[in-house]
Amino acid sequence: MRGSKPSTWAGLAGLLLLALWLDSGISEGRVAMLERGMESDSVAAGTAQADELWFVLSDSDGSGEAEAAAPLAPARIEPITTDALKHLLDRLPTLPEGATDVQEFAFPTDSPPAPRTGAKITEAFPPSTDGPAPEVRREPVRVMRVAPEGEVPLAWELRVTFSDPMIQVSSIGTLAGVTAPVELTPQPTGRWQWEGTRSLVFTPEGERFPMATEYRAEVPDGIASVTGAVLESGYIWSFTTPPPVVRRAEMTPPRSGVEPFFFLEFDQAVEPAAVLPTVRVMAERKEWPIRLATLEEVEGSADLQ
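Numbering-wise, the working numbering comes out as the position in the sequence shown, counting from 1, plus 39.
Misleading hints may appear alongside valid ones.
So the derived label-pair ranges between C-beta atoms look like this [unchecked claim]:
no., residue 1, residue 2, range
1, Val337, Ser272, 52 to 58 Å
2, Pro118, Pro152, 19 to 25 Å
3, Trp327, Val285, 14 to 20 Å
4, Val337, Thr242, 33 to 39 Å
5, Val175, Glu310, 52 to 58 Å
6, Ala219, Pro154, 55 to 61 Å
The set of hints was computed from the structure by calculation and includes no laboratory data. None of the values given here were measured: they were computed from a predicted structure. Backbone N, C-alpha and C define an ideal beta-carbon position, used for all residues, glycine too.
Using the sequences and the hints given, assemble the complete structure.
Here's what the structure looks like:
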């Protein structure tokens, strides 16, 4: 440091400049100067003034080590005396006494008495099989559920469920050559099959039962379950598939001759020969005879293609 002693404000300004200089990344070893009351050109010219404050920074050789701080002495602890403790507690307000502060000792409830020992009964194991079999009360067999029933839009299968097992477990999946205990009229082509020991299912050939048909099903009385129970009264029900409905009806004028074509489209497959007697063509208060068009006539008509 050179020059007269700087004022307090000059010292604070110098410390601030030093912090800014270190933060701005100025290379080490350069000289920073704080000027008070002097122009910058005079500082650059190196004019020595009394108000200048000089700092010289250089690299450290790393040999210096910070002095270890002396350990602090532990605080002195002295146990409080009985008189001092009583003096502190006497300064507290008196606690109010409640009715539940003092209670009688809660004795546990009496334990249940020990069970009384009974007479020992000795039985042979395994038990003897010479005696009569126990009597088993058999409830009669009942038909629990049937489907379909009534008018249905489609009938995929016929299902009957009984209250008792009707076959042995080993016979599940087939009738094993035994006639099905259900009479179905009319009987379409299909297959009877057991699902479990209580449910009998009939699946017709194709995707569903034939349409426009009324079916009658009956489980006759007298059939027995594997436990010996008997169906005391028969069970009869019926279901009906819907008749065909005409979706579209058109008449095609003849290109030659006097016989027009009538085209009828139904919502299901029909037998043309069976439908023809139910169709009537009326014109001028007169019923005209009709017939089925031949395959050659249909293929030869551009209007029907």
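Right, here's what the structure says about each hint:
{"no.": "1", "hint": "Val337 <-> Ser272: 52 to 58 Å", "result": "55 Å, holds"}
{"no.": "2", "hint": "Pro118 <-> Pro152: 19 to 25 Å", "result": "56 Å, violated"}
{"no.": "3", "hint": "Trp327 <-> Val285: 14 to 20 Å", "result": "19 Å, holds"}
{"no.": "4", "hint": "Val337 <-> Thr242: 33 to 39 Å", "result": "35 Å, holds"}
{"no.": "5", "hint": "Val175 <-> Glu310: 52 to 58 Å", "result": "55 Å, holds"}
{"no.": "6", "hint": "Ala219 <-> Pro154: 55 to 61 Å", "result": "58 Å, holds"}
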